[in-house]
Amino acid sequence: MKIAVVGASGNAGSRITSELARRGHSVTAIARNPEKIAKEHNVTAKKGDAHDRPGLAQLLAGHDAAISSIHFLASDPEKLIGAAKDSHVGRYLVVGGAGSLEVAPGVRLVTTPGFPAIYRAEAEKGAAFLDRLAEEKDLNWTFISPSALFIAGERTGKFRLGTDQLLTVADGKSSISFEDFAVALADEIERPAHICKRFTVGY
1 MKIAVVGASG
11 NAGSRITSEL
21 ARRGHSVTAI
31 ARNPEKIAKE
41 HNVTAKKGDA
51 HDRPGLAQLL
61 AGHDAAISSI
71 HFLASDPEKL
81 IGAAKDSHVG
91 RYLVVGGAGS
101 LEVAPGVRLV
111 TTPGFPAIYR
121 AEAEKGAAFL
131 DRLAEEKDLN
141 WTFISPSALF
151 IAGERTGKFR
161 LGTDQLLTVA
171 DGKSSISFED
181 FAVALADEIE
191 RPAHICKRFT
201 VGY
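Note that UniProt numbering numbers the sequence shown so that position 127 is 127, with each residue one more than the last.
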């Protein structure tokens, strides 16, 4: 498939780009500084700005799927969603956050007392992005939330999928590596199972 990755030079975006490329997909890797994108087979680096709706729509046009992997505080959901719609891309997938996941019925992680203040603003913007996507009637979207701890690690291919609840192990830890998150996202593109829904991935 032809797949565009917006934010391809970031922690998650770079792993997603590599995972898709190694599976044989043709990847358009989009970033403000395309020189930061690693040179790989099946990857074409392009300069793009998430705040430029017309320019981004032009970059996304003609792709089977587009992935948004950029910080919510550094972007505008209306411009990103608008660009995806304007481009008529087949699918629009968003690298989400864990803050919007529930720890109890109707209770989002970001609203709990122990949620780190340093991450709260980003998490709240991510939750708002998900709520905005849920209103869309003309976009084939999927929002993928990582677990609470989202860090560099190994590509094991062994993880669990969930829906709206935070995934934890016996000791309460909630984590996923960038590498395994990329595997789960690539699997979803190849075998769609969460159309116009959010899902989560964790160990």
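Don't read these hints as lab results, they were simulated from the structure.
Keep in mind it's a predicted model, so treat the numbers as computed, not measured.
Do not take every clue at face value.
What the hints assert, rightly or not - Heads up, simulated DSS-like pairs for lysine-lysine below, C-alpha to C-alpha not over 30 Å straight-line:
1) Lys-158 to Lys-39
2) Lys-197 to Lys-2
3) Lys-197 to Lys-85
Said to hold, decoys possible - Restraint ranges, calculated between C-beta atoms of paired labels, are given here:
4) Gly-114 to Lys-46: 37 to 43 Å
5) Pro-113 to Leu-149: 14 to 20 Å
6) Pro-116 to Asn-140: 30 to 36 Å
7) Ile-118 to Lys-158: 26 to 32 Å
8) Asn-11 to Glu-78: 20 to 26 Å
9) Asp-131 to His-41: 23 to 29 Å
The C-beta atom is built at its ideal place from N, Cα and C for all residues, glycine as well.
Okay, the hints, checked on the actual structure:
no. : hint                           : verdict
1   : Lys-158 to Lys-39              : holds, 27 Å
2   : Lys-197 to Lys-2               : holds, 22 Å
3   : Lys-197 to Lys-85              : holds, 17 Å
4   : Gly-114 to Lys-46: 37 to 43 Å  : holds, 41 Å
5   : Pro-113 to Leu-149: 14 to 20 Å : holds, 19 Å
6   : Pro-116 to Asn-140: 30 to 36 Å : holds, 33 Å
7   : Ile-118 to Lys-158: 26 to 32 Å : holds, 30 Å
8   : Asn-11 to Glu-78: 20 to 26 Å   : holds, 25 Å
9   : Asp-131 to His-41: 23 to 29 Å  : violated, 38 Å
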